[in-house]
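> Chains as they are written, first to last, in the working numbering: chain U, -13 to 60; chain P, -13 to 60; chain Y, -13 to 60; chain B, -13 to 60; chain X, -13 to 60; chain D, -13 to 60.
Do not rely on the hints blindly, as some may be mistaken.
When chains are identical, the list treats them as one kind, so a pair holds in a single copy or across two.
Below 25 Å or equal to it, Euclidean Cα-Cα: the simulated DSS-like pairs (lysine-lysine) are [said to hold, decoys possible]:
no., residue 1, residue 2
1, Lys(-2), Lys11
2, Lys53, Lys(-2)
3, Lys23, Lys(-2)
Bear in mind the hints are in silico, worked out from the structure with no lab data behind them.
Just so we're clear, the structure is a prediction, and the values are computed from it rather than from any experiment.
Protein chains: 6
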Amino acid sequence: MPYVNIKVTGGKEAPTAAQKAELIKRTTQMLFDVLGKKPSTTVVVIDEVDLDNWGMGGEVISVYRAKAAAEAKG
Amino acid sequence: MPYVNIKVTGGKEAPTAAQKAELIKRTTQMLFDVLGKKPSTTVVVIDEVDLDNWGMGGEVISVYRAKAAAEAKG
Amino acid sequence: MPYVNIKVTGGKEAPTAAQKAELIKRTTQMLFDVLGKKPSTTVVVIDEVDLDNWGMGGEVISVYRAKAAAEAKG
Amino acid sequence: MPYVNIKVTGGKEAPTAAQKAELIKRTTQMLFDVLGKKPSTTVVVIDEVDLDNWGMGGEVISVYRAKAAAEAKG
Amino acid sequence: MPYVNIKVTGGKEAPTAAQKAELIKRTTQMLFDVLGKKPSTTVVVIDEVDLDNWGMGGEVISVYRAKAAAEAKG
Amino acid sequence: MPYVNIKVTGGKEAPTAAQKAELIKRTTQMLFDVLGKKPSTTVVVIDEVDLDNWGMGGEVISVYRAKAAAEAKG
Chain U
-13 MPYVNIKVTG GKEAPTAAQK AELIKRTTQM LFDVLGKKPS TTVVVIDEVD LDNWGMGGEV
47 ISVYRAKAAA EAKG
Chain P
-13 MPYVNIKVTG GKEAPTAAQK AELIKRTTQM LFDVLGKKPS TTVVVIDEVD LDNWGMGGEV
47 ISVYRAKAAA EAKG
Chain Y
-13 MPYVNIKVTG GKEAPTAAQK AELIKRTTQM LFDVLGKKPS TTVVVIDEVD LDNWGMGGEV
47 ISVYRAKAAA EAKG
Chain B
-13 MPYVNIKVTG GKEAPTAAQK AELIKRTTQM LFDVLGKKPS TTVVVIDEVD LDNWGMGGEV
47 ISVYRAKAAA EAKG
Chain X
-13 MPYVNIKVTG GKEAPTAAQK AELIKRTTQM LFDVLGKKPS TTVVVIDEVD LDNWGMGGEV
47 ISVYRAKAAA EAKG
Chain D
-13 MPYVNIKVTG GKEAPTAAQK AELIKRTTQM LFDVLGKKPS TTVVVIDEVD LDNWGMGGEV
47 ISVYRAKAAA EAKG
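The following block holds chain U by itself, in its conformation from the complex:
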């Protein structure tokens, strides 16, 4: 009966159908293992968010990543 919403970047980074099936399977299993929730009524919804529509650190995610990579290089 739990409801889980997973938001990840989409477009060229979108998960494959097999990866989405794996996320659904493992999320449902986790809720059974940790909380004893009956798998039959666990609902999982995956949202794929465009790279332009996701921000972190005040920047669109693509810019955020480029800066983080530059910093890591020093």
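Using the hints, position chains P, Y, B, X and D against chain U.
The following block gives chains P, Y, B, X and D in isolation, referenced to the frame of chain U:
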């Protein structure tokens, strides 16, 4: 002033424009009938979710339905 | 299999248990009537939001309502 | 560490990439200014909702706006 | 950078702090294992929903469960 | 007509009523400045999330912060 979000499967199962208008109308009416909420400020947002992105019972919804149908047949 | 989230004001305006049961019943019926969705797997989650945490028109909802009432009186 | 979700109408009304970047920047700055939240971990997700999927006042948004415009003209 | 929202029943059924920590750990690990998402920026938010505020099959969840249990007994 | 949901940590870190009013005001102003959205129909909902219910980097947020602080000290 209530906010309602309705998530249903999309793609080939997506509701028509007329069905979406009907969901908006009935949801708003319900909030007036049950809670006395003024219709003018009730907001309804409908999300259409790809079949691959919806899971139930640990399976992608298409697989879940096929199994449920098989079980029903015995 | 649809998922519906209803957000209304809580605290002293919170719906009663009977009103919440009615919202769940009518929402599920609506999705069957309009889209043919099987009631057994429709999930409804109601969130009660504190009056201080809800804004409209750039104001906290209590201030928004007081102004709207004043305007209505002219 | 805050998480902000902004839903606006999409399609022909969709914000441009530059407008989305501006929303992300200003939202993150606001959370720093008002609550002192460290910008580096603030997440912003923008959802663009089809005009057919957004309702207000019991109507699909396009109908709602047409009526509001007609009323304003009087 | 993914964002995951987990909704479960709260109140007397609320997960313990240790269970919540375990959900956060496993969800983050899953997103690394399945999609290669860097754990440091994965955000998980757990919502505990009152039993009165959760509906399934057109009923408040407590009634839904009582009926399901009665049916199972035959 | 936009809808904005802001999630921040609550409990002892909860924003004050004045801070929440400021978030609502600035969010609504931002949507007018950047996208020209009419303030009167912009809705903002603020959720306060318990520290135990928020995870980042695979840890409950309090643990995540303690580790980040320790690392910063070196």
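> Are there hints from earlier that the structure breaks, and if so, what are their numbers?
none
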